[in-house]
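Whenever a hint applies, use it, and build me the whole structure from the sequences.
Residue numbers (numbering that gives the first Met the number 0), protein chains in the order written: chain A, 0 to 223; chain B, 0 to 223; chain C, 0 to 223; chain D, 0 to 223.
Because the hints were derived from the structure by calculation, they are not lab data.
DSSO-like cross-link-like pairs, simulated, lysine-lysine; straight-line CA separation at most 27 Å:
(1) D:211 <-> D:191
(2) C:205 <-> C:218
(3) A:127 <-> D:171
(4) A:19 <-> B:111
(5) C:127 <-> B:111
(6) B:167 <-> C:127
(7) D:167 <-> A:167
Number of protein chains: 4
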Amino acid sequence: MKKPVILINFKAYDTSFGKKGIDIAKKIEKISLEYSTEIIISVPPTEIYRISNEVSIPVYAEHVDANPLGAHTGSVTPEMVKDAGAEGTLINHSERRIRIDEIAEILSRARKLNLDTVVCVDRNELVKAIGTLEPTSILIEPPELIGSGISVSKARPEVITNAVEQVKEFPKVLLIAGAGITNGEDVSTALKLGAAGIGVASAVMKAKEPCKVVEEFVKSSLGN
Amino acid sequence: MKKPVILINFKAYDTSFGKKGIDIAKKIEKISLEYSTEIIISVPPTEIYRISNEVSIPVYAEHVDANPLGAHTGSVTPEMVKDAGAEGTLINHSERRIRIDEIAEILSRARKLNLDTVVCVDRNELVKAIGTLEPTSILIEPPELIGSGISVSKARPEVITNAVEQVKEFPKVLLIAGAGITNGEDVSTALKLGAAGIGVASAVMKAKEPCKVVEEFVKSSLGN
Amino acid sequence: MKKPVILINFKAYDTSFGKKGIDIAKKIEKISLEYSTEIIISVPPTEIYRISNEVSIPVYAEHVDANPLGAHTGSVTPEMVKDAGAEGTLINHSERRIRIDEIAEILSRARKLNLDTVVCVDRNELVKAIGTLEPTSILIEPPELIGSGISVSKARPEVITNAVEQVKEFPKVLLIAGAGITNGEDVSTALKLGAAGIGVASAVMKAKEPCKVVEEFVKSSLGN
Amino acid sequence: MKKPVILINFKAYDTSFGKKGIDIAKKIEKISLEYSTEIIISVPPTEIYRISNEVSIPVYAEHVDANPLGAHTGSVTPEMVKDAGAEGTLINHSERRIRIDEIAEILSRARKLNLDTVVCVDRNELVKAIGTLEPTSILIEPPELIGSGISVSKARPEVITNAVEQVKEFPKVLLIAGAGITNGEDVSTALKLGAAGIGVASAVMKAKEPCKVVEEFVKSSLGN
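Printed below as a string of structure tokens:
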């Protein structure tokens, strides 16, 4: 992951898969190339292979299961997403929470696979707890602001500054901020507060013109 | 689904994904073509697109989530697997059990998508309960025999005959038997007991020569 | 369970346990005795012993786990709630959904223990499915109306009439209606539509004068 | 909690509830009084009120749910177990794992209620993570040894020494060791390795003479 991190989570919107998913991925790639900046997209498991074969930007999984390979019908393991083309994975998103032993297990497996990890937390008390497990990054998102259009940067800046402060104990771990990020100002504020990047979903996936939104985010992240 | 149903569940074995997954899918396709018989494979979500583009046999999902499209990070919906190339899906496998309201929800969505459905149950009391929801098929598998090498056909034939009897109330629903199916005799016994087909996993996925095993199953299913 | 069934679910309100829980249970008992009608209360597991020792009305559990007795830390089994004084249990409430194999397992164990069972469903398609498992009763509750103050009787009477129609196939099974039941008219309408009784929670547990509400329900259920 | 901690988890054995549960609790109390040493018992939610009214030793819950008070059918909250007589609670036992946000939520509520907390972890990597959340104690139990009769003290002493080392960073947090503890030597070894106490279940609950086992544990913990 390169700073400033811009992570766009496709979730399960109707624009997240199939032709629409590829279309939006390509638009994001175009902006990434134009501004020579890294933009990461996390996509449904069914789309990892397809999208990672269509675009050059990093594709992440939205979730992986902790169970080992074997007789586990319906599971999506770190090994599978890596093989399908993912360079990283979200872990413990507030819409797909898992147990702490599963987080530890996945981080250990991901490390061996050289898979980047973004562990999501919903509160400041968990930043250190997850920090001790040394993921690539921690994404802090107050759940009540997710999809709200009210950004963490404006509504709860102390969440970011506190998390940034705590994560300093773990110099290799990046702190990303998310929830309600809607416009360029939300992005630049988050970065000014010390975040290494931002996470976003609905503002892009539900936008009439996703390109414009992403471009605004990128410009703001680059200080333009 | 065509009778006799042969359903090979890839699960999450190390042979289930990537090149190995495609390799085994192609071997199964070859036997399917050679014997002009339908063989269905259910594969991890990451593999649906890839494998369904490589083989002509029906590819199913191993599991789908019931949540609607929208802000649901990490979910695999019926719409996604259909778009990726799946013709059907397993539901409620003993290794991925879901709630009954989720089963009803998925069946309703799958019907609209023209996606075949295989609802797994672990006991005879549930055959009628699931029958009332009219899936394409019901796969009965006593969990204690799954992966055991001791087949339901031999160890608990009454499970099959009782399920076959109960499912008669729902003429459109096929009854498939599974758990511990290891050799051709297990297959032919299951069919003689009235099952419309068989489900299998470890006997194929962990075999040194999967082709031989699948060929034996197919021959037995065709009465050779 | 005796018709008309009046089932008051304590849930986890701050009035549901401790002294407040006993207080409200006693008030309900008083009305039950005054009108010589059965009123069932379902209470948290910590309260079953205490409340059932303080009142003579039937006390039910709100939920039981399906696992057998043994090394299962934190579970509440049918055997435990029976021993603690429960005469029945809710199963699969929309706030505590379980899998269908768990429902079947619990029903089987409850039958042996002579424990009444109220299986909750959220939609009409599930009435027959659960009916085949022969619980003592089925409580149908459209989840969107639970706690809304808009009653199923008024907003969606067809949910009740359809469920009543379907449950006729299972003559021993009682059909109870719930969700948003707020006043006496909601109760009498539900019964007129054919329900064997009603389920209620917030209208009583959050009431300033629970007695008045319960009394109104009882009067309406008795046709006064 | 007082050192050396002896924590006996009742789980859901047939000896854990009703008259048998009270009987075993009283036997444990007797030994506790005889040796003037604290012995903690964790019991099913249905038994907290009953057992805590019968014995003077500390009674803990085996699990609590993280949801707030309100419309949450079937839940057991910290407030309920406290009111019923519990002085503490197990959290995240390997037989009842929860999410890390739930652990944080429960710890915060338990602190306000003055309820002791024992957070269980299955591996050394999680000691620091949980330590940052400052529970009263951390119980480390390699799951493969639970109920095995092969003690962590003998089979994996490095698990204990490593955990003891890590927990030093959190001076208020006690480190308890568990899994397979069967005899007095297992207890004294665990304490010599630096554990503040031990956790045990099957060795007592499935014993023909629980008294003897508990007495042996207590003697060993006191260095006799």
